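Number of protein chains: 2
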Amino acid sequence: MRTAFLAASAALALAIPLAAQEAAKPTYPAPSEIVAAAPKADWTAIPAEDLLVMTLAPDAEGKPRQVVIQLMPAPFSQGWVHNIRLFARAKWYDNISVNRVQDNYVTQWGDPNYDNPEATGKPKPLPDRLKVVPESDYLTRYSVMSSMNRQTRQMVTRTDPPLAGPRVKDAYGDSTFSNGWPIGIYKPANEPPVLHPTHCYGMVGVGRNYSPDTGSGAELYTVIGHAPRHLDRNIALVGRVIEGMEHLSSLPRGKGELGFYAKDEAAKRTPILTVRVASDLAPSEQPAFEYLSTESETFAAYADAIANRRDPFFITPAGGADICNIRVPVRRVQ
Amino acid sequence: MRTAFLAASAALALAIPLAAQEAAKPTYPAPSEIVAAAPKADWTAIPAEDLLVMTLAPDAEGKPRQVVIQLMPAPFSQGWVHNIRLFARAKWYDNISVNRVQDNYVTQWGDPNYDNPEATGKPKPLPDRLKVVPESDYLTRYSVMSSMNRQTRQMVTRTDPPLAGPRVKDAYGDSTFSNGWPIGIYKPANEPPVLHPTHCYGMVGVGRNYSPDTGSGAELYTVIGHAPRHLDRNIALVGRVIEGMEHLSSLPRGKGELGFYAKDEAAKRTPILTVRVASDLAPSEQPAFEYLSTESETFAAYADAIANRRDPFFITPAGGADICNIRVPVRRVQ
Numbered sequence: 002m003r004t005a006f007l008a009a010s011a012a013l014a015l016a017i018p019l020a021a022q023e024a025a026k027p028t029y030p031a032p033s034e035i036v037a038a039a040p041k042a043d044w045t046a047i048p049a050e051d052l053l054v055m056t057l058a059p060d061a062e063g064k065p066r067q068v069v070i071q072l073m074p075a076p077f078s079q080g081w082v083h084n085i086r087l088f089a090r091a092k093w094y095d096n097i098s099v100n101r102v103q104d105n106y107v108t109q110w111g112d113p114n115y116d117n118p119e120a121t122g123k124p125k126p127l128p129d130r131l132k133v134v135p136e137s138d139y140l141t142r143y144s145v146m147s148s149m150n151r152q153t154r155q156m157v158t159r160t161d162p163p164l165a166g167p168r169v170k171d172a173y174g175d176s177t178f179s180n181g182w183p184i185g186i187y188k189p190a191n192e193p194p195v196l197h198p199t200h201c202y203g204m205v206g207v208g209r210n211y212s213p214d215t216g217s218g219a220e221l222y223t224v225i226g227h228a229p230r231h232l233d234r235n236i237a238l239v240g241r242v243i244e245g246m247e248h249l250s251s252l253p254r255g256k257g258e259l260g261f262y263a264k265d266e267a268a269k270r271t272p273i274l275t276v277r278v279a280s281d282l283a284p285s286e287q288p289a290f291e292y293l294s295t296e297s298e299t300f301a302a303y304a305d306a307i308a309n310r311r312d313p314f315f316i317t318p319a320g321g322a323d324i325c326n327i328r329v330p331v332r333r334v335q
Numbered sequence: 002m003r004t005a006f007l008a009a010s011a012a013l014a015l016a017i018p019l020a021a022q023e024a025a026k027p028t029y030p031a032p033s034e035i036v037a038a039a040p041k042a043d044w045t046a047i048p049a050e051d052l053l054v055m056t057l058a059p060d061a062e063g064k065p066r067q068v069v070i071q072l073m074p075a076p077f078s079q080g081w082v083h084n085i086r087l088f089a090r091a092k093w094y095d096n097i098s099v100n101r102v103q104d105n106y107v108t109q110w111g112d113p114n115y116d117n118p119e120a121t122g123k124p125k126p127l128p129d130r131l132k133v134v135p136e137s138d139y140l141t142r143y144s145v146m147s148s149m150n151r152q153t154r155q156m157v158t159r160t161d162p163p164l165a166g167p168r169v170k171d172a173y174g175d176s177t178f179s180n181g182w183p184i185g186i187y188k189p190a191n192e193p194p195v196l197h198p199t200h201c202y203g204m205v206g207v208g209r210n211y212s213p214d215t216g217s218g219a220e221l222y223t224v225i226g227h228a229p230r231h232l233d234r235n236i237a238l239v240g241r242v243i244e245g246m247e248h249l250s251s252l253p254r255g256k257g258e259l260g261f262y263a264k265d266e267a268a269k270r271t272p273i274l275t276v277r278v279a280s281d282l283a284p285s286e287q288p289a290f291e292y293l294s295t296e297s298e299t300f301a302a303y304a305d306a307i308a309n310r311r312d313p314f315f316i317t318p319a320g321g322a323d324i325c326n327i328r329v330p331v332r333r334v335q
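Here the protein sequences line up with chains S and F, keeping their order.
So this note's numbering is basically just the index in the first sequence, starting at one, shifted up by 1.
So this note's numbering is basically just the index in the second sequence, starting at one, shifted up by 1.
The following block holds chain S by itself, in its conformation from the complex:
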């Protein structure tokens, strides 16, 4: 899918001399081919309660723009996720806008008049019953259970949440995948390790002010550049964009402070018409998605193929991959 760089047309493949084709090295599937061959059982449905459907104003050509966000499941960031469903159900997100687009960093949306250095009006009041989430919730504890396998008579260890996906070591420490999400394993000195989601491309986080503020969920952003992993454990991550990312990543960059649209370019703010929890939509309008189980053998093979590209375009494999280059496959289902 993303292997050939200039072109990958059939005509080009045929242009390779036949002798070279015959003497070819053993062929390895590309990561995309491994995913395409995954058995149906390796795919896990995403609950409609975990999907947000965000409808932007149509583009300059009048074409509709829809973004689908998958919210993080328990045990991660659930205080903020609670608030986000509450904002959506109170229709508080309706008629807000994209107010900040900073190149190689984030696209951020919310009330254009709330805590915006380029505000042009008064902020709208927040809904009731919002949770104030403590900073400690940036980190998630996990439990370890050991039991005897009666057949093999060997001790088996498992964790809750599961941490049985491929392990990754990169500049930011150890990480893995759990229930379809990239998860860092942070080891504070003299304390048990704890978990946190990682700031990869397309992940959605909660804008906040200076500590101890952790943000309510009124301001959300998504990563549109190289993973800003220094934000891990410093800001809440609550989900990821699983469809329509291009509607957020290709917006004009803001010229104001931090990439906010300056006062004289307020017209560039993309209006957000509605944000709905998918389970609140009529059944015929509910989108459905599934992700490749990160605990499956297919995912392990996929991660290995990404770290060691041996499909025809490649000459020397990298021998490794950071957590954000191993993107969890998500697909729409009918």
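Possibly wrong hints are sitting among the right ones.
In silico DSS-like cross-links for lysine-lysine, where the CA-CA straight-line distance does not exceed 30 Å [what the hints assert, rightly or not]:
#, chain 1, residue 1, chain 2, residue 2
1, S, 264, F, 64
2, F, 170, S, 256
3, F, 256, S, 269
4, S, 123, S, 92
5, F, 170, S, 188
6, S, 64, S, 125
7, F, 269, F, 125
8, S, 269, S, 92
9, S, 264, S, 125
10, S, 256, F, 41
11, F, 256, S, 64
12, S, 269, S, 125
13, F, 188, F, 132
14, F, 269, F, 256
15, S, 41, S, 132
16, F, 264, S, 269
17, F, 64, F, 269
18, S, 269, F, 64
19, F, 188, S, 170
20, S, 264, F, 269
21, S, 269, S, 41
22, S, 269, F, 269
23, S, 64, F, 64
24, S, 123, S, 264
25, S, 269, S, 64
26, S, 170, S, 188
27, S, 256, F, 64
28, S, 41, F, 256
29, F, 264, F, 125
30, F, 64, F, 264
31, F, 269, S, 256
32, F, 123, F, 256
33, F, 269, S, 64
34, S, 64, S, 92
35, S, 256, S, 125
36, S, 64, F, 264
37, S, 170, F, 170
38, F, 92, F, 269
Just so you know, these hints were derived from the structure itself, not from any lab.
Computed from a predicted structure; not experimentally measured.
Position chain F relative to chain S; hints supplied.
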């Protein structure tokens, strides 16, 4: 510069209770503040011969769009860099276009009819005197020299090119900086280590077909998403975008194969009017840039601050950074 997430207005800072301000922890400068305080001697001028000025057609509002690319200096990728200057001086790049924009990957430009699965016409002939560069040039050897410091009477080791910048270890191995560029240090089995540039955001590379083709420089791309480091050592890197990146990163994504604009969206191809080597322009039209020396103490402090953010927005520092998150500061000078 990029620290505060929601807003960083003076009004907000004043809203923090005075008691909290007084009891503040020792303050650390943000990476951007370290760069702003760098002495003039830490900045190195970029030769005009190494600057490409690419003028795109004006945007929908009629505003001019200019992109400046810095070409890599010796000893890296000089065969392709030779070709790129030759293409520019033959005016071969004039009236080509951006033909591919793949989200979280690359924006690619060239002759829309050359090796493009969505081609709508015939390719234009290539100029004469292009070099055919071998795959071995993806890698660069370096030499090590030892000498005695007569004052301290200690042995001093230096390399050519210099590798005296901060060292980084990430999922892709060891890397550092040399003369202003991010450089991987690759250690093949039973052979001396070799160098190669790294595929970071904004880096510019040479499109190619299947090996042993290495590309001529007719097709160029820049990285617009998370660093695709698996391309290191598999494709030539020849430079980086140092101004106007937003004109390439915010373009509409292509719906064709690999993000090429499909035949029915050929109108989305952004025309490239001209590409000039800056030293060929009239002196009054030559842009001038300088980079923060990666061998300076300022750069070492900057890299450390990125890996260990302690400026006020942050709660827990990352304790590390990958090579692509330590972006070499480049600035325009008059």
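For this session: Tell me, in ascending order, the numbers of any earlier hints that this structure violates.
Result: 2, 15 and 21
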